[in-house]
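Heads up: the protein sequence lines correspond to chains Z and H, in order.
Be aware that the first sequence starts at 2, since it is given in the numbering used here, and climbs by one per residue.
Be aware that the second sequence starts at 145, since it is given in the numbering used here, and climbs by one per residue.
Source of the hints: derived by calculation from the structure; they are not laboratory data.
Note that the structure is a prediction, hence the values are computed from the model and not measured.
Don't be surprised by glycine CBs; every beta carbon is placed ideally from N, CA and C.
The reader is advised that the hints may include incorrect statements.
As the list claims (entries may be wrong) - According to the in silico footprint, chain Z covers these stretches of chain H (three or more CB under 8 Å from chain Z):
#1 169-177
#2 279-293
What the hints assert, rightly or not - Below, a sample of chain Z positions facing chain H; criterion: calculated Cβ distance under 10 Å:
#3 16
#4 17
#5 19
#6 35
#7 72
#8 78
What the hints assert, rightly or not - So the derived label-pair ranges between C-beta atoms look like this:
#9 Z:26 with H:342: 28 to 34 Å
#10 H:183 with Z:81: 36 to 42 Å
#11 Z:59 with H:338: 26 to 32 Å
#12 Z:101 with H:348: 47 to 53 Å
#13 H:282 with Z:32: 58 to 64 Å
#14 Z:81 with H:429: 15 to 21 Å
#15 Z:92 with H:267: 22 to 28 Å
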Amino acid sequence: MSTYYDPQDLPRFAEIGQEAPNLAQKFFDYYGAVFAEGELSAREKSLIALAVAHALQCPYCIDAYTQSCLEKGSNLAEMTEAVHVACALRGGAALVHGVQMRKQAAKVSF
Amino acid sequence: MPMAPTFAQTLRRHHLELTRGQTTVLQVNLGLKCNQACRHCHLSAGPGRGEVMDAATVQEVLAYARRGGFSTVDITGGAPEFNPHLELLLDGLRGLACRVILRANLTALLSPPYRGLIPRLAAEQVAITASFPSLSAQQTQAQRGQGIFERSLECMRLLNQAGYGQPGTGLELDLVVNPAGAFQPPEQAPTEKRFHQVLAQRWGIAFNRLYVFANVPLGRFKDWLMASGGYEAYVRRLAEGFNPCALPGVMCRGLVSVAWDGLLYDCDFNQAAGLPLGGQRTHLSQMQGPPPAGQAIAVGEHCFTCTAGAGFT
């Protein structure tokens, strides 16, 4: 294997159920229910998932939810804005820790 | 990866046959000439194509429409506006079919020689089915060419002004959404709802119904899939989505398609694939009426497009 991530592994996701089928079944049932049309549309949920995929930096999820967003009728402009939401959250999460840095610095400084 | 089963093998595996029901729709392809060269076009229509139905064949189509008693005549292309005999066809169809549909690309109708067709189409109560793939200018133009998005909106405004898509006029303006690439179309109902909202709010445009169609791996779209290395994956995805429940509703069961040269096909896609009606080369002048119920329909790998998921009707 030349890389840790192989795109051909994604269609094999269900194999994870071989050792613990009951747990896998519960997970996949839950997963399907989460993404069903509800108070949020399936299209909106795919856009959220695309943003989360970028925050998690999961290449399988990025491929899967790029395809899913397109197939639910989203366009590149909407998908790019979703990625910026992920970016803002990750960036903001780093930056807000600067308060902790400032407090710690204040504690040990004149 | 193992080879995907063929469409014919898939039908056998499910103990199914694809045969005609009652044929009520005559689809007339007036030719492959078009002002656009859309990347998903299964017929590879475009400005450089010279295949256009002549007046004699139009007369034969009218005679066949009379013999066949079709309830619907569906006029397509290319851009049917570019056929100089379109008005001859419309004249002849008056009172002949309950419903006449014109497939429009929304830009040919804006060209000065054809703009005058809009009031004529409205007066004849011709329904318009128009291609409008996306609410995004980027996606629309990636599929259909630069400047097409704004011009499509302009044409829809003109059609609205003529009464199309407006309540109480009976003038139908339906939209067709095809994906802007090698992915499956969105679900029809939520997409129609969103298009109604966005077109009305952003551009003040109204329409009646919206249909989502998958891209058919033939013609220019197949060429693009082959060149980009995505053909096998695309067809495999369609094949994996085979839904036996979609088979009874596929359009070829109730439609016969006549090409620009008068040859008959089970559908427009078989025309692109060169698969003649029921597998036998037949000219419309040889037909006494519609193809009979129970007649086998010629199939190829592209047929997976119409049976994937909810189907393509």
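Hints and how they fare:
Restraint check on the segment 169-177 of chain H versus chain Z: 0 residues with Cβ-Cβ distances below 8 Å, three needed, restraint violated. A stretch counts as covered by a chain when three or more of its residues have a beta carbon under 8 Å from one of that chain; for the segment 279-293 of chain H and chain Z the count is 4, and the coverage holds. About 16 Å separates the beta-carbon of residue 16 (chain Z) from the nearest beta-carbon of chain H, more than 10 Å, and the hint is not met. Against a cut-off of 10 Å between C-beta atoms, the interface hint on residue 17 (chain Z) is violated, since the closest Cβ of chain H lies about 20 Å away.
Annotation: residue 19 (chain Z) was flagged as interfacial toward chain H, and the flag is violated, the nearest CB pair being 20 Å apart, outside 10 Å. Contact between residue 35 (chain Z) and chain H, as hinted, is not supported at the beta carbon level, the nearest pair being about 17 Å apart and thus beyond 10 Å. With a cut of 10 Å, the hint placing residue 72 (chain Z) at the interface with chain H holds, because the nearest CB-to-CB distance is about 5 Å. Because the beta carbon of residue 78 (chain Z) sits about 6 Å from the nearest beta carbon in chain H, less than 10 Å, this interface hint is met.
In this structure the hint that residue 26 (chain Z) and residue 342 (chain H) lie 28 to 34 Å apart at CB is violated, the actual value being about 39 Å. Judged by the Cβ atoms, the range 36 to 42 Å given for residue 183 (chain H) and residue 81 (chain Z) is violated: they are separated by roughly 22 Å. Evaluation of the 26 to 32 Å hint for residue 59 (chain Z) and residue 338 (chain H) yields a pass: the beta carbon distance comes to about 28 Å. In this structure the supplied range 47 to 53 Å holds for residue 101 (chain Z) paired with residue 348 (chain H), their Cβ-Cβ distance being about 52 Å.
At about 31 Å, the CB distance of residue 282 (chain H) to residue 32 (chain Z) disagrees with the hint of 58 to 64 Å. Checking the proposed 15 to 21 Å range against residue 81 (chain Z) and residue 429 (chain H) shows it is violated: the Cβ atoms sit about 55 Å from each other. Checked against the hint of 22 to 28 Å, the pair residue 92 (chain Z) and residue 267 (chain H) fails, with Cβ atoms roughly 60 Å apart.
The structure does not agree with the numbered hints 1, 3, 4, 5, 6, 9, 10, 13, 14 and 15 stated previously, though it agrees with the rest.
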